[in-house]
Amino acid sequence: MAILLLAEHDNSTLSDQTAKALTAAKSIGGDVHVLVAGSGAQGAADAAAKLDGVAKVLLADSGDLANGLAEPLADLIVSIAGDYDTLIAPATASAKNVMPRVAALLDVMQISEITEVISADTFKRPIYAGNAIQTVQSTDAKKVITVRTAAFQAAGEGGSASVETVSAPPKAGLSSFVSDAIASSERPELTSAKIIVSGGRALGSAEKFKEVILPLADKLGAAVGASRAAVDAGYAPNDWQVGQTGKVVAPDLYIAAGISGAIQHLAGMKDSKVIVAINKDEEAPIFQVADYGLVGDLFELLPELQKAL
Amino acid sequence: MKILVPVKRVVDYNVKIRVKPDGTGVELANVKMSMNPFDEIAVEEALRLKEAGKAEEVIVVSIGPAKAEETLRTGLAMGADRAILVETDQPVEPLAVAKILKGIAEAEAPGLVIMGKQAIDDDSNQTGQMLAALLNWGQATFASKVEIGEGSAKVTREVDGGLQTVEVKLPAIVTTDLRLNEPRYASLPNIMKAKKKPLDKKTPADFGVDTTARLTVLKTEEPGGRKAGIKVASVAELVEKLKTEAGVL
Ligand SMILES: Cc1cc2nc3c(=O)[nH]c(=O)nc-3n(C[C@H](O)[C@H](O)[C@H](O)COP(=O)(O)OP(=O)(O)OC[C@H]3O[C@@H](n4cnc5c(N)ncnc54)[C@H](O)[C@@H]3O)c2cc1C
Ligand SMILES: Nc1ncnc2c1ncn2[C@@H]1O[C@H](COP(=O)(O)O)[C@@H](O)[C@H]1O
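Protein sequences appear in the order of chains A and B. Quick note on my numbering: the first sequence kicks off at -19 and runs consecutively. Quick note on my numbering: the second sequence kicks off at 63 and runs consecutively.
Simulated from the structure, these hints should not be mistaken for lab results. By construction, the Cβ of each residue, glycine as well, lies at the ideal position given by its N, Cα and C atoms. Incorrect hints may have been included.
Unchecked claim - Each pair of labels, with its calculated beta carbon distance range: (1) A/Ser140 with B/Glu119: 56 to 66 Å; (2) A/Asp277 with B/Ala275: 48 to 58 Å; (3) A/Ala100 with B/Glu89: 29 to 39 Å.
As the list claims (entries may be wrong) - Cross-link-like lysine-lysine pairs, in silico, PhoX-like; alpha carbons within 25 Å at most: (4) B/Lys255 with B/Lys129; (5) B/Lys281 with A/Lys260; (6) A/Lys253 with B/Lys289; (7) A/Lys190 with A/Lys260; (8) B/Lys78 with A/Lys104; (9) A/Lys199 with B/Lys293; (10) B/Lys293 with A/Lys253; (11) A/Lys287 with B/Lys305; (12) B/Lys112 with B/Lys281; (13) B/Lys293 with A/Lys287; (14) B/Lys129 with B/Lys94; (15) B/Lys303 with A/Lys287; (16) A/Lys151 with B/Lys216; (17) A/Lys174 with B/Lys305; (18) A/Lys6 with B/Lys281; (19) A/Lys104 with B/Lys112.
Construct the entire structure; sequences and hints are all you get.
Shown next, in the form of structure tokens:
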């Protein structure tokens, strides 16, 4: 039977996390249908139709779905779940919010943040902040899965699937949207960037973070990350946090500056292809995972690095 | 209103995890256990709401082995009023935990359930959303700010691009993110007092919940290791290596 993939999008554009989760979906086997739920989301639906390996796009367009609220979105997914064996989504904040709700309504266990597909019912997933990897087999009739996108390549384009509309069930009215504070930035997104420059507590202030980390990131065309300590101290916004409870990334190059390398931080970046650590403490645990370590004061080294590029 | 706070006993976040050599799981013998950090934040938030006059009673509940009583006592020492231990030696998956919590929520009729967004052992991030579904309540996950109004709560949530604020009808489920608050430490007198606070014992069967696992763990293994690389002496050497050796620039 078919697989339903929940798209991550902002109505007009499709996030590349969808294309990455599509790769996981395709390796499960079966026709993949992509659900685009939103308001004025034709653009995202058209983009989904072009992904290679998509058999059909379902577009649910309604004001109730505009803000990704979990309750109406879960009701919509459950209303069409009968046609699918597997319901899958990239492990974004919005899918992590809605998919377990879907799973409970279907009386199945969600398989969270898979990093590998072994077979249609067996998957690998990290536990304990990635310090152990479990292979789990689901005995549920339907599988509800979220995908750790850093572990999968994005599927390419070249498809030409049809777009069908589906209607959303009546709204239950359990919650309502109040406001958004979504930062828009010219920089690449953390989860799709090829290069990430991350700063930690050592930056010492929001001003210094801006002054030292951002110009280097911009020179490299990189996304900006941060440790939890830097976010907690207000040097960087919450959505920059990399780690067990932040974003999980795997860029080609990850530069960690003034980050000690706590396991919770490593959990979010240790699958990066090349890791560079800059830290004044030569014993810092971050050096145990770094390909290239530079011991010294980041306030001298980062500007120097920026000049050298 | 009452606030219900589910708390899980997990391996302390500072412990270096070891996978058992035979691949059957993670070494749990003689390992320091603590309350899941997100659940401490949930207890703290509930206590602050009580202190602000928004709630009358805070009840902590845990599902797990007899030793989970220690975790509940920690919650009581922080200031919770009473505790419920649903005792079982079997590992209980989030879906079954949510079903048990549903039974407790129906019996206690809380105005709000505040719980962690994620247990740092299974990293599932699903129990709160499941409980909301089973109760047909609204949910506000990954909260960094909670304001209780008349019959509703306004919650600021940490989402991928920044923050989102939603309003949920009460009763509702809130799950905590790290920046919601800074949990208090229990004082010694409060630790002593907590020993005398009421703690009810139940079993999953009392709620008619079958805890048979839906996911069979076939194997647990070490993650692919990563070796420490080299130290470079200068920025110039670093740039050179990144260009030629690593080929990422
Ligand atoms: C449940 C839970 C979840 C967590 N989730 C996350 C998560 O998702 N992501 C995360 O990052 N953390 C997370 N943490 C926090 C984590 O445990 C660490 O506290 C945090 O990562 C430390 O951040 P840091 O490395 O910036 O700060 P520190 O550990 O304080 O390290 C600062 C480093 O900067 C170096 N330094 C200082 N000055 C300079 C200078 N001038 N030049 C160069 N180097 C300098 C120091 O030598 C030190 O190594 C979590 C914790 C818990 C309990
Ligand atoms: N056995 C349990 N007992 C009490 N609360 C739990 C239990 N398991 C999970 N929870 C709650 O559910 C949250 C999310 O857990 P999880 O979905 O497993 O990541 C935790 O932070 C706890 O608040």
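Take a quick look at whether A/Lys151 and B/Lys216 sit within 25 Å of each other, Cα to Cα.
Given that 25 Å is the threshold and the Cα spacing comes to 19 Å, the pair holds.
Is B/Lys112 close enough to B/Lys281, meaning Cα to Cα at most 25 Å?
44 Å, violated
Are the Cα positions of A/Lys287 and B/Lys305 separated by 25 Å at most?
15 Å, holds
Is B/Lys303 within 25 Å of A/Lys287, Cα to Cα?
Measuring from Cα to Cα gives roughly 16 Å; hence the hint holds.
Need the status of pair B/Lys293, A/Lys287: alpha-carbon distance at most 25 Å?
At roughly 20 Å apart (the allowed maximum being 25 Å), A/Lys287 and B/Lys293 satisfy the hint.
I want to verify a distance hint. Is the separation of the beta carbons of A/Ala100 and B/Glu89 within 29 to 39 Å?
Once the Cβ atoms are compared, 31 Å apart, the range 29 to 39 Å for B/Glu89 and A/Ala100 holds.
Hey, B/Lys129 versus B/Lys94, does the alpha-carbon distance stay inside 25 Å?
Holds - the C-alpha atoms of B/Lys94 and B/Lys129 are around 12 Å apart, at most 25 Å.
Keeping to a limit of 25 Å between CA atoms, is the pair of B/Lys255 and B/Lys129 held or broken?
Within the cut-off at roughly 19 Å; holds.
Mind checking the alpha carbons of B/Lys78 and A/Lys104 for me, to see if they're no more than 25 Å apart?
21 Å, holds
Hinted pair, alpha-carbon criterion (25 Å max): A/Lys6, B/Lys281. Please report holds or violated.
Holds - the C-alpha atoms of B/Lys281 and A/Lys6 are around 24 Å apart, at most 25 Å.
Between the alpha carbons of A/Lys253 and B/Lys289, is the straight-line distance 25 Å or under?
Distance of about 12 Å is within 25 Å: holds.
Go ahead and decide if the range 48 to 58 Å is satisfied by the Cβ distance of A/Asp277 to B/Ala275.
51 Å, holds
Comparing the model with each numbered hint stated earlier shows that hints 5, 12 and 19 do not hold.
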